[in-house]
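Quick note: to get our numbering, add 4 to the position in the sequence shown (first position is 1).
Any given hint might turn out to be false.
[What the hints assert, rightly or not] Heads up, simulated EDC-like pairs for lysine to aspartate or glutamate below, C-alpha to C-alpha not over 20 Å straight-line:
1) K114 x D223
2) K346 x E312
3) K395 x E312
4) K54 x E277
What the hints contain is simulated information worked out from the structure, not anything from laboratory work. Given the structure is predicted, the values throughout are model-derived calculations rather than measurements.
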Amino acid sequence: MITREHIQDIPLNSGIYIFKKGGVPIYIGKSISLKARVASHIQAAALIQKERAIVHEADTIEYQVTLTDFDAITLEAHLIRQHKPRYNVIWKDDKKFLYIKITKKDNYPKIILTRAEDDGSSLYFGPFQSMRVAESVLKLIRHVVPFCTQQYIGNRACFYAKLGLCSPCPSVVSHLGEAEERMARRLYRRNIRRVITILSGNHLLVTSELQKELKRYTDAQDFENAIRIRDRLKRLNHLLYYRRFHSPNDFLHEDTVDLRPELQEFVREHFAETVDVSDYRIECYDQSTLQFGQSVGSMVVYRDGMFEKKSYRRFRITMGQEASDFDMLRDTLMRRLKRHLKDWGTPTLIILDGGRPQLHVGQQVLEQLGLLIPMVGLAKNPDRLIIPGVKKPIALTNTTALYRVFQALRDESHRFANKYHVLLRKKKAKIG
Numbered sequence: 005m006i007t008r009e010h011i012q013d014i015p016l017n018s019g020i021y022i023f024k025k026g027g028v029p030i031y032i033g034k035s036i037s038l039k040a041r042v043a044s045h046i047q048a049a050a051l052i053q054k055e056r057a058i059v060h061e062a063d064t065i066e067y068q069v070t071l072t073d074f075d076a077i078t079l080e081a082h083l084i085r086q087h088k089p090r091y092n093v094i095w096k097d098d099k100k101f102l103y104i105k106i107t108k109k110d111n112y113p114k115i116i117l118t119r120a121e122d123d124g125s126s127l128y129f130g131p132f133q134s135m136r137v138a139e140s141v142l143k144l145i146r147h148v149v150p151f152c153t154q155q156y157i158g159n160r161a162c163f164y165a166k167l168g169l170c171s172p173c174p175s176v177v178s179h180l181g182e183a184e185e186r187m188a189r190r191l192y193r194r195n196i197r198r199v200i201t202i203l204s205g206n207h208l209l210v211t212s213e214l215q216k217e218l219k220r221y222t223d224a225q226d227f228e229n230a231i232r233i234r235d236r237l238k239r240l241n242h243l244l245y246y247r248r249f250h251s252p253n254d255f256l257h258e259d260t261v262d263l264r265p266e267l268q269e270f271v272r273e274h275f276a277e278t279v280d281v282s283d284y285r286i287e288c289y290d291q292s293t294l295q296f297g298q299s300v301g302s303m304v305v306y307r308d309g310m311f312e313k314k315s316y317r318r319f320r321i322t323m324g325q326e327a328s329d330f331d332m333l334r335d336t337l338m339r340r341l342k343r344h345l346k347d348w349g350t351p352t353l354i355i356l357d358g359g360r361p362q363l364h365v366g367q368q369v370l371e372q373l374g375l376l377i378p379m380v381g382l383a384k385n386p387d388r389l390i391i392p393g394v395k396k397p398i399a400l401t402n403t404t405a406l407y408r409v410f411q412a413l414r415d416e417s418h419r420f421a422n423k424y425h426v427l428l429r430k431k432k433a434k435i436g
């Protein structure tokens with residue numbers, strides 16, 4: 005069993021940690037603060053079955069400090085793929101694992117996401133926690149090293165070529181003369197090699213190559229290309245050293261962790277339901293009113309490990325000043341769940357900013373629409389979770405990542421609603 009005595013010498017640096025039983029890895033994780041993350045496992049063991057099993061079964065814990073947070077991400081993926089620790093895979097079928105695949109046989113190697121390692125001639129990197137994490141990795145790398153994501157080579161430059169994210173573009177190169185095509189293909193394969201180098205953890209080599217290119221263009225007074233390479237170097241540094249690399253959210257002081265086990269257990273424990281958390285969606289609602297009577301409901305979404313800002317929605321309330329906060333909440337939820345259930349999808353969990361009265365209104369809406377969706381209230385001063393049918397609230401003491409996400413969602417819904425109020429005030433000032 006792992007206790008706090010085992011973690012005294014673990015540093016606060018970024019890196020990976022390995023829980024072992026009899027020398028065999030049973031769980032591998034990463035963090036920007038190793039000591040804090042391992043301590044959170046021990047704290048959460050009192051509440052969460054999976055954490056309790058890991059902490060109680062393990063007899064040793066090892067760690068490896070990494071130079072950057074990005075190194076921790078790629079090293080974790082490599083080690084999980086190599087060892088397949090029991091508690092990294094027990095909550096996920098093997099077919100659910102997500103890999104970055106780089107083909108080698110194509111004239112212009114493709115970089116794609118896949119759930120199966122079924123091509124011996126290709127390279128695989130991963131597994132990654134979710135589609136969004138893997139997509140974020142590739143999106144950020146692509147701003148440093150351009151590559152093509154088109155499935156087929158076309159007759160004209162793709163959209164991303166115009167943005168400088170696909171260069172040289174295979175659809176353009178294929179129509180060049182033989183000598184030009186050969187040179188462009190060599191440049192494209194160099195870019196793919198750099199992507200492989202970054203994913204393999206040797207990003208310093210790519211940094212060195214870009215610095216040499218920058219010097220060469222600067223010495224030749226080719227300032228247009230020098231600026232282009234300088235910007236790529238800046239993006240590479242941002243990719244490697246930004247503390248919250250794969251999640252732009254500011255709410256966690258450690259890396260985003262896989263919430264699926266906690267979320268699944270939370271719903272099963274408090275709602276006696278089994279939900280599919282392979283692509284979970286948590287929605288949080290807030291109601292607010294300005295002094296001059298304009299009211300708005302806000303919905304923010306946390307999906308598969310990240311705030312999904314494209315799914316945020318505002319509901320302008322037009323019920324009149326006589327409407328209560330409960331009327332406005334009911335109106336917001338009805339509009340969301342009655343009109344947009346199919347096109348926006350069914351939430352895995354709904355969080356309402358407020359206590360038992362707000363939760364009662366939400367439960368009435370669900371009953372009226374015949375929906376069975378887990379719903380909780382989040383009251384403050386102090387922060388506590390209100391569960392339907394449970395008399396005693398759950399104090400949110402920051403012991404689990406899931407509860408921190410709940411609090412972050414509440415804060416984000418406030419920010420989103422306040423931003424809308426600013427816009428309304430500006431419009432009102434212009435009209436006045």
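Going through the hints against the structure:
no., hint, result
1, K114 x D223, "violated (34 Å)"
2, K346 x E312, "holds (18 Å)"
3, K395 x E312, "violated (33 Å)"
4, K54 x E277, "holds (18 Å)"
Hints 1, 3 from the list above are not met by this structure, while the remaining hints are.
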